[in-house]
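**Q** Below are the chains, spelled out letter by letter.
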Amino acid sequence: MSTNHARTTRILALLGAAGLAATLSGCGGTAAASEDGTFVFATGKEISCLDPHVNGDMPQASIAANYLDSLVSQDSEGGIQPWLATDWSVSSDGLTYTFTMRDDVWFTDGTKLTAEAVRANLDHMVDPDTQSGTAGGYLKPYVGTEIVDETTAVVTLNRPYAAFLEVLAQPFLGIESPEALKRPQAENCNSPVGTGPFKIVDYVPQTRVSLVRNEDYNSAPPYAKHQGPAHIEKIEWRIVPEDSTRYGLLRAGQVDALDLMPSVHFGEAEADQNVELILQDRPGNPTNLILNSTRAPFDDLAVRKAFLHRAYVEAGIDSVYFGTVTRAGGPLSSTTGFYSPDFENVYDPDPDEAARLLDEAGWTERDGEGYRVKDGQRLTVHFPYTPGSWPTAHQALVTQIQATAKKAGFEVLIENGDYATVSELGNNFAYDLRADYWNTNTADVLRIVFSSEYTESAGFVPNGSGFRNPQLDSILNDALATDDPAEREDLYYQAQQIISDNALQLPLYNQASQVALRSDRYGDLALEPSLSLPYLYDVTVVDLP
Amino acid sequence: MSLILDPTTAEEDRSGVPTPAKPQSRTFRFVRGTPIGVWIAAALLAFLVLAAVAPSVFLRQDPFEIDPANAFESPSGVHLFGTDQNGRDVFSRVVAGTGQSLLLGLAATAIGLLLGGALGITAGVSGKWLDSAICRFVEILFAFPGLLLALIVIAVSGTGVVTAAIAVGVGSAPGYARMLRTQTLQVIAAPYVETALSLGRSKSHILWHTIVPNVARPLFVLVTLGIGQAIVWASSLSFLGLGAQPPAAEWGAMLADGRNYLQVAWWIAAFPGIFITLAALTTTVVGHHLQRRLEAEV
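Those sequence lines, one after another, are chains V and Z.
Taking our numbering, the leading residue of the first sequence gets 1, the next gets one more, and so forth.
Taking our numbering, the leading residue of the second sequence gets 1, the next gets one more, and so forth.
These are calculated hints, taken from the structure and not from any lab test.
This structure is a prediction, so every number in the text was calculated from the model and none was measured.
Some hints could be false.
Some chain Z residues close to chain V (C-beta under 8 Å, calculated; not the full set) [stated by the list, open to error]:
(1) Phe64
(2) Ile66
(3) Gly87
(4) Pro246
(5) Arg259
(6) Leu262
(7) Gln263
(8) Val264
Straight line, CA to CA, 25 Å or less: simulated DMTMM-like cross-link-like pairs of lysine to aspartate or glutamate [stated by the list, open to error]:
(9) V:Lys407 to V:Asp350
(10) V:Lys407 to Z:Glu65
(11) V:Lys140 to V:Glu424
(12) V:Lys182 to V:Asp109
(13) V:Lys407 to Z:Asp62
(14) V:Lys140 to V:Asp123
(15) V:Lys407 to Z:Asp67
(16) V:Lys225 to V:Glu242
(17) V:Lys182 to V:Asp123
(18) V:Lys407 to V:Glu353
(19) V:Lys45 to V:Asp538
(20) V:Lys140 to V:Asp127
(21) V:Lys45 to V:Glu268
(22) V:Lys406 to V:Asp299
(23) V:Lys45 to V:Asp281
(24) V:Lys234 to V:Asp543
(25) V:Lys45 to V:Asp318
(26) V:Lys407 to V:Glu344
(27) V:Lys406 to Z:Asp67
(28) V:Lys406 to Z:Glu73
(29) V:Lys406 to Z:Asp62
(30) V:Lys407 to Z:Glu73
(31) V:Lys406 to Z:Asp131
Where a beta carbon is used, it is the ideal one built from N, C-alpha and C, also for glycine.
Throw the hints in and build the complete structure from the sequences for me.
**A** Here is the structure:
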């Protein structure tokens with residue numbers, strides 16, 4: 001029995017040592033970039049399909065920005081510049097766009113870029129089989145493309161669409177090889193083909209994408225710092241969802257850059273001479289929790305308002321985000337055109353107002369656990385959630401919102417599930433709260449996230465509140481039909497007013513690109529201007545002294 | 001029962017000091033015969049059980065009360081185990097989680113025993129065909145690691161505490177089935193079953209009054225050993241986000257919450273981790289000891 005005792009002690013000692021080793025393991029990588037010239041980029045979110053036309057989430061656009069070119073480009077002031085299309089003209093009624101294409105560009109599969117590529121790509125995005133929530137969603141006004149000659153394509157729309165060129169500049173609408181698009185979707189998802197500075201050579205789902213330099217690249221956009229092939233030869237685009245692991249790899253020198261920089265490590269990274277942080281708030285609809293207005297309890301405006309008044313977001317941003325993101329209160333991110341600051345503080349925390357609204361709405365009784373009850377029903381809010389799809393800090397923030405809402409008598413049930421389960425619920429309005437965001441470079445995002453046109457699923461449902469308001473619909477369409485900035489400003493103000501009055505979202509913070517780079521090895525990692533995505537074309541190797 | 005002498009008692013006996021003539025009592029021998037490690041384990045286990053049954057004895061703060069202004073506080077007099085990313089008291093959450101973790105362990109073990117017992121005893125008492133059918137079925141289940149089997153159950157029936165208990169139970173059932181089948185076969189071969197048969201008892205009477213009680217006797221040990229494993233598995237499921245849902249104070253879920261803060265606030269993950277280890281270790285040490293005593297007794 002003394003041996004028994006000794007064994008117990010030994011086990012305890014071993015466990016203790018293992019625990020210490022886990023917490024104490026240090027960092028500090030070598031300065032030299034990897035020898036074969038591979039730039040390793042660690043991305044924090046799983047990529048569902050490499051073709052950004054399909055579905056359409058940010059990780060797809062991020063990688064697309066590095067292997068696809070677009071028809072037009074956007075400069076840092078928001079102006080539209082040529083890219084694969086050298087020139088274009090718009091008819092006076094705003095319904096016909098005539099594009100002149102470059103005549104000297106080839107896709108990396110050998111196909112020549114012609115006007116046909118415009119038709120093949122736009123048709124692919126609006127094809128219901130593509131399930132294109134983002135690109136296809138942007139192209140709802142699209143009717144068809146007519147090929148006039150090898151380099152001239154005429155695109156017809158069914159209504160004026162002032163934001164058309166802006167969305168065309170986004171990597172979500174990047175131009176792919178028409179030949180490659182003819183393959184089955186699963187195949188194109190794994191090996192899409194573009195005209196961009198890099199080409200995809202290998203893809204291991206949930207693990208990594210390998211890209212090599214396109215040696216014949218001759219179609220860099222005006223915002224690029226150079227022309228011709230990229231400076232770096234190879235990219236390994238590694239998928240590392242675990243926040244602390246991703247950052248640990250950067251510190252240890254096993255990756256050269258990462259996105260979704262974990263907020264908890266910002267202070268340390270800022271102090272690190274070998275790390276450069278590249279930060280930019282993105283335009284669009286801020287990170288938010290959208291309230292499903294199509295079913296109880298959030299079909300009642302008073303209940304929605306009460307929920308917003310009882311959610312304490314500011315404190316969470318200070319504590320778990322350490323102030324690394326900026327608070328958003330209205331339907332537009334502060335960097336979006338036509339953004340108005342008037343809606344930032346409409347639903348500031350106000351427990352008394354929340355209580356008054358709930359009493360008024362008939363949720364007057366409380367049950368044994370302190371939750372409000374009406375007609376024997378508890379005030380329950382179902383919130384299906386995929387923790388792996390969100391930063392660690394976001395997971396803490398929603399727990400804090402759950403706790404503050406409880407004080408008002410809301411039972412918020414965070415129901416963790418995998419991506420497929422949660423999106424299935426999302427497509428059928430089978431939730432009360434949904435975690436959301438929408439990055440785009442135009443105020444037209446309001447039409448996509450709040451108009452009745454987008455309450456149906458195309459891979460996902462953009463308008464998660466299910467809100468249908470004819471007045472809002474017509475205001476948002478009118479804003480697309482005019483070129484007069486003052487008129488558009490006025491219309492978008494009215495739209496923000498209606499959306500805010502209806503308490504459809506709990507805005508949390510502005511979406512932001514938060515990229516970290518090992519600046520002792522590489523330099524010139526820029527963000528492309530349309531969606532502020534990491535752009536590796538101009539990246540240069542740092543010469544060691 | 002047998003007495004295992006340890007060196008100290010042997011020394012004492014040889015010293016020739018006149019000890020009271022009356023023979024050592026059963027309790028005394030039990031106390032002397034139990035190694036110190038087991039006592040420590042038993043004491044810790046008693047603490048865990050107390051925390052599970054009456055958490056209010058230890059709770060000093062509300063385990064669900066958030067306080068973002070005081071997030072990431074290191075362990076101190078006010079917060080023994082520090083505070084987590086939402087400013088909740090980690091000690092209170094660990095204590096509050098004890099009940100759920102132990103209950104999950106117990107429930108899962110019970111489910112595993114019930115399923116395993118039904119399969120194992122049926123196989124043991126029935127004829128060639130049914131026995132080999134059940135054995136092959138159990139072998140198929142054995143092809144999957146227990147936790148994977150549990151994950152399959154979760155995939156089919158969804159997440160939550162109840163499904164986690166069922167999942168872990170199903171995951172551990174094949175092991176119990178095999179052990180109980182062997183036990184049943186041994187009991188059947190025992191002379192007292194033969195005696196019962198020759199006395200003309202009916203088969204069902206023998207099954208329920210002779211076989212089942214004798215098979216069940218060592219179960220107590222199996223249970224204590226099984227609970228430790230079940231706690232670890234249930235915590236694993238919660239760690240993966242498939243068991244307890246936020247804001248539940250479940251050890252595995254807390255460990256998952258804290259893993260991305262290890263560099264800046266080790267205590268968020270460390271304490272739930274230590275308690276998972278302690279719960280598994282103490283039940284196992286106590287279980288092993290009981291098993292050894294029982295074997296010695298038989």
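**Q** Does each hint fit the structure? Answer for all of them.
**A** Evaluation of the provided hints:
1. Phe64: holds, 6 Å
2. Ile66: holds, 4 Å
3. Gly87: holds, 7 Å
4. Pro246: Interface hint status for proline 246 of chain Z: holds (5 Å vs cutoff 8 Å).
5. Arg259: This hint holds: arginine 259 of chain Z lies near chain V, its Cβ roughly 7 Å from the closest one there, short of 8 Å.
6. Leu262: holds, 6 Å
7. Gln263: Since chain V brings a Cβ to about 7 Å from glutamine 263 of chain Z, closer than 8 Å, the hint holds.
8. Val264: holds, 6 Å
9. V:Lys407 to V:Asp350: holds, 12 Å
10. V:Lys407 to Z:Glu65: holds, 10 Å
11. V:Lys140 to V:Glu424: holds, 23 Å
12. V:Lys182 to V:Asp109: The given pair, whose Cα atoms are some 13 Å apart, holds under the 25 Å limit.
13. V:Lys407 to Z:Asp62: Holds: lysine 407 of chain V and aspartate 62 of chain Z sit about 14 Å apart, inside 25 Å.
14. V:Lys140 to V:Asp123: Holds, because 11 Å separates the two Cα atoms, which is no more than 25 Å.
15. V:Lys407 to Z:Asp67: holds, 13 Å
16. V:Lys225 to V:Glu242: violated, 33 Å
17. V:Lys182 to V:Asp123: It holds: about 12 Å lies between the C-alpha atoms, which stays within 25 Å.
18. V:Lys407 to V:Glu353: OK: lysine 407 of chain V and glutamate 353 of chain V at ~13 Å, within 25 Å.
19. V:Lys45 to V:Asp538: Answer holds: lysine 45 of chain V to aspartate 538 of chain V is near 24 Å, not above 25 Å.
20. V:Lys140 to V:Asp127: holds, 11 Å
21. V:Lys45 to V:Glu268: Between lysine 45 of chain V and glutamate 268 of chain V the Cα gap is close to 22 Å, so the pair holds against 25 Å.
22. V:Lys406 to V:Asp299: holds, 19 Å
23. V:Lys45 to V:Asp281: Cα-Cα ~18 Å, so holds.
24. V:Lys234 to V:Asp543: OK: lysine 234 of chain V and aspartate 543 of chain V at ~18 Å, within 25 Å.
25. V:Lys45 to V:Asp318: holds, 24 Å
26. V:Lys407 to V:Glu344: holds, 23 Å
27. V:Lys406 to Z:Asp67: holds, 14 Å
28. V:Lys406 to Z:Glu73: holds, 24 Å
29. V:Lys406 to Z:Asp62: Given pair lysine 406 of chain V, aspartate 62 of chain Z holds - Cα atoms ~14 Å apart, limit 25 Å.
30. V:Lys407 to Z:Glu73: Holds - the C-alpha atoms of glutamate 73 of chain Z and lysine 407 of chain V are around 24 Å apart, at most 25 Å.
31. V:Lys406 to Z:Asp131: violated, 54 Å
Hints 16 and 31 from the earlier list are contradicted by this structure; the remaining hints agree with it.
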